[in-house]
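Asker: As a plain string of letters, each chain reads:
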Amino acid sequence: MGLVLVSHSGTLVEGLRDMVVQVAGDSVSVATAGGTEDGRLGTSAPRIAAAMRSVLGAGASDVLVLLDLGSAALSLELACEELEPEERARVRISSAPIVEGAVLAAVQASVGASIDEVMAAAEGAATMTKFAGS
Amino acid sequence: MAEVRLLVIDPAGLHARPAAKFVQTATRFTSRIVIRDDGREADAKSLIALLGLTIRPSSEITLAAEGPDAEEALTALAAELAPYVSAAG
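Taken in order, these protein sequences are the chains called A and B.
Here the first sequence stands for residues 9 to 142, where the numbers follow our numbering.
Here the second sequence stands for residues -2 to 86, where the numbers follow our numbering.
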């Protein structure tokens, strides 16, 4: 079980990966695809495909992908088309908010949960209480 | 149901890192385990539920477990939280 974090910003996903590893431990592999190939803000289908393959190739049974905004979804769709069908079958995509979703998913994965349970944990990020009161 | 009461002394409350470790430890046990804070209760095996409690410094929390390994679970969980809590009066 691994995670791929897709963002317009490399800095964002590198920082998020640090945070995920510190909170959940290093038992879950986390790959990032942030920014374009020439280092600008944006998303890149080849970089996303490479990140997914790196996690799958490292022995993860499944990959959960989290993404930020807008065209990240389009690049992700294109990246999925680059994958072989047997690779694509092991990839799930979450609409969860990327920061909370990544942390929750990684902790769930770290206790040996199934991909469905990890996916459900990430989805819970959308409605979790972050600040009691107002 | 076995219970242990603890006072949160960490100035940041029960924040993300200890909460995640707590959930990882809780998941190793088969007992049903809950954490209670100020009348609210969360499943100790769910990080979303636990973070949703937003446990603050000086909160008095209760860990409660029911099942075949309840006592063992509470001992392990209290040890996990040791740097962040003290025994509640």
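What the hints contain is simulated information worked out from the structure, not anything from laboratory work.
All values reported here derive from a predicted model rather than from experimental measurement.
Virtual Cβ for every residue (Gly too), placed ideally from N, Cα, C.
Be aware that one or more of the hints could be misleading.
Unchecked claim - Partial pick of chain A residues on the chain B-facing surface, computed with a CB cut under 7 Å: (1) Val31; (2) Ala32; (3) Leu112; (4) Val115; (5) Ser118; (6) Val119; (7) Ala134; (8) Met136; (9) Thr137; (10) Ala140.
Said to hold, decoys possible - Over 10 Å on every C-beta distance to chain A, these chain B residues come out as not near it, computed from the model: (11) Asp7; (12) Ala13; (13) Ala17; (14) Thr24; (15) Glu38; (16) Lys42; (17) Ile45; (18) Gly49; (19) Leu50; (20) Thr51; (21) Pro65; (22) Ala67; (23) Glu68; (24) Ala75; (25) Glu77; (26) Ala79.
Stated by the list, open to error - Subject to a maximum C-alpha distance of 20 Å in a straight line, what follows is the list of computed DMTMM-like cross-link-like pairs (lysine to aspartate or glutamate): (27) Lys18/B to Glu77/B; (28) Lys138/A to Glu63/B; (29) Lys18/B to Asp34/A; (30) Lys138/A to Glu77/B; (31) Lys18/B to Asp34/B; (32) Lys18/B to Glu38/B; (33) Lys138/A to Asp7/B; (34) Lys138/A to Glu69/B; (35) Lys138/A to Glu68/B; (36) Lys18/B to Glu68/B; (37) Lys18/B to Glu108/A; (38) Lys138/A to Asp76/A; (39) Lys18/B to Glu125/A; (40) Lys138/A to Glu108/A.
Asker: Tell me, in ascending order, the numbers of any earlier hints that this structure violates.
Answerer: Those not satisfied are hints 7, 12, 13, 14, 16, 17, 18, 19, 20, 28, 30, 34, 35.
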